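Engineer: Assemble chain B with the ligands onto chain A, guided by the hints.
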Amino acid sequence: MARIPDEGMVEKRGIGHYFTHVGLIIGVLVIFFPIWLAFVASTVTQSDIISPPMPLWPGDQFLTNYSKALTSGINAPVALMLMNSLIMAMGIALGKILISLLSAFAIVYFKFPGRRLFFWLIFLTLMLPVEVRIVPTYEVVAGFGMLNSYSGLIFPLIASATATFLFRQFFMTVPDELAEAARVDGARPMRFFWDILLPMSRTNIAALFVILFIYGWNQYLWPLLITTDPSMNTIVMGIKQMFPSGDDYADWPVIMATSILAMLPPVIVVVSMQRLFIRGLVDSEK
Amino acid sequence: MATIKLDNIKKSFGKTDVIHGVNIDIEDGEFIVIVGPSGCGKSTLLRMVAGLETVTSGEILIDGAQVNGVEPMDRDIAMVFQNYALYPHMSVEENMAYGLKIAKTPKAEITERVAEAARMLQLEPYLKRKPRELSGGQRQRVAMGRAIVRKPKVFLFDEPLSNLDAKLRVQMRLEIKELQSRLGITALYVTHDQVEAMTLADRMVVMNGGVADQIGAPLEVYSNPQTEFVAGFIGSPATNFIDAALVPDAPKGASKIGIRPEHITLLPSGQGKLSGNVVFTEALGAETLVHLRMDSGTETFTVRQDGAMALPVAGDPVGVDWGADDEMAFNDKGRRV
Ligand SMILES: Nc1ncnc2c1ncn2[C@@H]1O[C@H](COP(=O)(O)OP(=O)(O)OP(=O)(O)O)[C@@H](O)[C@H]1O
Ligand SMILES: [Mg+2]
Numbered sequence: 001m002a003r004i005p006d007e008g009m010v011e012k013r014g015i016g017h018y019f020t021h022v023g024l025i026i027g028v029l030v031i032f033f034p035i036w037l038a039f040v041a042s043t044v045t046q047s048d049i050i051s052p053p054m055p056l057w058p059g060d061q062f063l064t065n066y067s068k069a070l071t072s073g074i075n076a077p078v079a080l081m082l083m084n085s086l087i088m089a090m091g092i093a094l095g096k097i098l099i100s101l102l103s104a105f106a107i108v109y110f111k112f113p114g115r116r117l118f119f120w121l122i123f124l125t126l127m128l129p130v131e132v133r134i135v136p137t138y139e140v141v142a143g144f145g146m147l148n149s150y151s152g153l154i155f156p157l158i159a160s161a162t163a164t165f166l167f168r169q170f171f172m173t174v175p176d177e178l179a180e181a182a183r184v185d186g187a188r189p190m191r192f193f194w195d196i197l198l199p200m201s202r203t204n205i206a207a208l209f210v211i212l213f214i215y216g217w218n219q220y221l222w223p224l225l226i227t228t229d230p231s232m233n234t235i236v237m238g239i240k241q242m243f244p245s246g247d248d249y250a251d252w253p254v255i256m257a258t259s260i261l262a263m264l265p266p267v268i269v270v271v272s273m274q275r276l277f278i279r280g281l282v283d284s285e286k
Numbered sequence: 001m002a003t004i005k006l007d008n009i010k011k012s013f014g015k016t017d018v019i020h021g022v023n024i025d026i027e028d029g030e031f032i033v034i035v036g037p038s039g040c041g042k043s044t045l046l047r048m049v050a051g052l053e054t055v056t057s058g059e060i061l062i063d064g065a066q067v068n069g070v071e072p073m074d075r076d077i078a079m080v081f082q083n084y085a086l087y088p089h090m091s092v093e094e095n096m097a098y099g100l101k102i103a104k105t106p107k108a109e110i111t112e113r114v115a116e117a118a119r120m121l122q123l124e125p126y127l128k129r130k131p132r133e134l135s136g137g138q139r140q141r142v143a144m145g146r147a148i149v150r151k152p153k154v155f156l157f158d159e160p161l162s163n164l165d166a167k168l169r170v171q172m173r174l175e176i177k178e179l180q181s182r183l184g185i186t187a188l189y190v191t192h193d194q195v196e197a198m199t200l201a202d203r204m205v206v207m208n209g210g211v212a213d214q215i216g217a218p219l220e221v222y223s224n225p226q227t228e229f230v231a232g233f234i235g236s237p238a239t240n241f242i243d244a245a246l247v248p249d250a251p252k253g254a255s256k257i258g259i260r261p262e263h264i265t266l267l268p269s270g271q272g273k274l275s276g277n278v279v280f281t282e283a284l285g286a287e288t289l290v291h292l293r294m295d296s297g298t299e300t301f302t303v304r305q306d307g308a309m310a311l312p313v314a315g316d317p318v319g320v321d322w323g324a325d326d327e328m329a330f331n332d333k334g335r336r337v
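So the sequence lines, in the order shown, correspond to chains A and B.
Residue 244 in the UniProt record's numbering sits at position 244 of the first sequence; the count goes up by one each step and never skips.
Residue 55 in the UniProt record's numbering sits at position 55 of the second sequence; the count goes up by one each step and never skips.
Since the hints were derived computationally from the structure, they do not count as laboratory data.
These numbers were taken from a predicted model, which means no experiment stands behind them.
Using N, Cα and C, we set each Cβ at its ideal position, and we do this for glycine too.
Heads up, a few of these hints could be off.
[What the hints assert, rightly or not] Restraint ranges, calculated between C-beta atoms of paired labels, are given here: (1) ARG202/A <-> THR56/B: 33 to 41 Å; (2) THR56/B <-> LEU102/A: 28 to 36 Å; (3) TRP194/A <-> ASP332/B: 57 to 65 Å; (4) LEU289/B <-> ARG202/A: 52 to 60 Å; (5) LEU24/A <-> LYS128/B: 40 to 48 Å; (6) LYS128/B <-> LEU264/A: 33 to 41 Å; (7) LYS111/A <-> THR111/B: 34 to 42 Å.
[Said to hold, decoys possible] Covered stretches of chain A (chain B as the covering partner; in silico rule of three or more C-beta atoms under 8 Å from a C-beta of chain B): (8) 176-182; (9) 185-191.
Excised from the complex, chain A in its bound form:
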């Protein structure tokens, strides 16, 4: 709109601009401050932390604290917990994507008896998050001897109604003619899935991967229940395990270093996938 702004308008918009920015900056500071404190705490010594006032600028213990956390930690080396978390988060994210892609494919492209029933059954599980079905799930996992194992960490969380639903919606927007063209070209159903449907869904897959990776990474209750062996701890629950029971003192610098380390992988995933994410939004192709 080409409108000549009168002076009042400019003034008003200027103030609005100013306030928006101040608001945003305050918001960022509020969110960032605890993280900053955690970072500071991870670079000083234990005595610096417990003697008030709490330091606000990083100390010189960065290398000491982080290498201690990574290599020995408190119950288990943080490097190991990071690896466990990574395996679990990747397993959950990739597994969820694969399974929901396949089930959405089946629901959209094949006519089999009870198709609607299956769809609604999947949909129903949306109402049953891990926390609700945790006791029976624990029973089953224990029965299979999957306590303290990666499969125990991953499989119970791997079915995803949300992702299935999302892919279903996407597949339904793919023109039928495309499937027919592929059929005339000689592509059998799985070939069509791999060669055409999958590449066309890649931006959806990237977006879901980000969300699901973080979901998997942040799992707390489930790993807490089924991993009793410290070497199978994931990092998010591992932080809690580092807190002392009884009269032991907490090794705050190491705990804080662990917290900072626990935040890094999700950040890396978000930042690195963001480009694919945005590119996907810009050149949406159908």
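Structural biologist: The following block gives chain B with the ligands in isolation, referenced to the frame of chain A:
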């Protein structure tokens, strides 16, 4: 190259019958156009030949072999879709090569065939582009290219030009016709555009409500329509119809008489077979369309006359006449008598 035979093909979706028994014999290398109004079952018929739709009853034979239960890929056909159905994430080259790749054609041969098709269709500069970077006409050509590289026995087209603008449509029409006759591949082409049908077809099939009303060469169908529907559907402006009772010396058994607009001559009032009033005229330059309301009642007539002739004045009473040979008489079932 192949012959196709449709033997009493019927199709129902659940309880609705869509195709009511169609018989067509298509010769090797023939260009057959299926034309008809929207919803008459043209696409359904084509899709049954393609194998994308099951046949409820009847037989489809390609080169004498029954293919009712055969998968599309094994029928050796290629299809061009209305919306082109190009794979959006593949380049033009990959789009054309996909079918060959699946058929495990050797790499060198794929490259050669794609290059040849691209040359034929003037697509060479665009081989590396994605479909979304092409114009409508170029996409249309890629869709054609995808069909050509397969060297199929049969081409199937479902309204391939309906998404193009008028000028491009004329151009692509010529290209399709030229390509088909050069390659000598049997083609089945669906359209609701009668100009397309008339210009492309060796023979055309006029469909009406799931029935093939008439099959024949375009000019034969035009000049000698077998049903009232065909007479009304083919030709623009449409054939004039009038109750046989109102026409002097109409043939026995006729209930309706049809006369094409170009066969009617305007006479001064009181002369000729019927009389009416001029409602309005459309002077198109080369020709003039005169619209009449007949005295007999509600019928309107369209008369096509040479543009050089005097323009009748709206409201004037006129007489109309036509030669007995140009009269097309239909019985009460709509069939020619
Ligand atoms: N999958 C289907 N289920 C039920 N009815 C269908 C189905 N496909 C087509 N029909 C019906 O069959 C009839 C013929 O459809 P078809 O698509 O063959 O028409 P068409 O002649 O190609 O029309 P158009 O020129 O509009 O494309 C229509 O009345 C349509 O409603
Ligand atoms: Mg159609």
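Engineer: State for each hint whether it applies.
Structural biologist: Hints, one by one, checked against the model:
{"no.": "1", "hint": "ARG202/A <-> THR56/B: 33 to 41 Å", "result": "40 Å, holds"}
{"no.": "2", "hint": "THR56/B <-> LEU102/A: 28 to 36 Å", "result": "32 Å, holds"}
{"no.": "3", "hint": "TRP194/A <-> ASP332/B: 57 to 65 Å", "result": "59 Å, holds"}
{"no.": "4", "hint": "LEU289/B <-> ARG202/A: 52 to 60 Å", "result": "56 Å, holds"}
{"no.": "5", "hint": "LEU24/A <-> LYS128/B: 40 to 48 Å", "result": "44 Å, holds"}
{"no.": "6", "hint": "LYS128/B <-> LEU264/A: 33 to 41 Å", "result": "39 Å, holds"}
{"no.": "7", "hint": "LYS111/A <-> THR111/B: 34 to 42 Å", "result": "39 Å, holds"}
{"no.": "8", "hint": "176-182", "result": "holds (count 5)"}
{"no.": "9", "hint": "185-191", "result": "holds (count 4)"}
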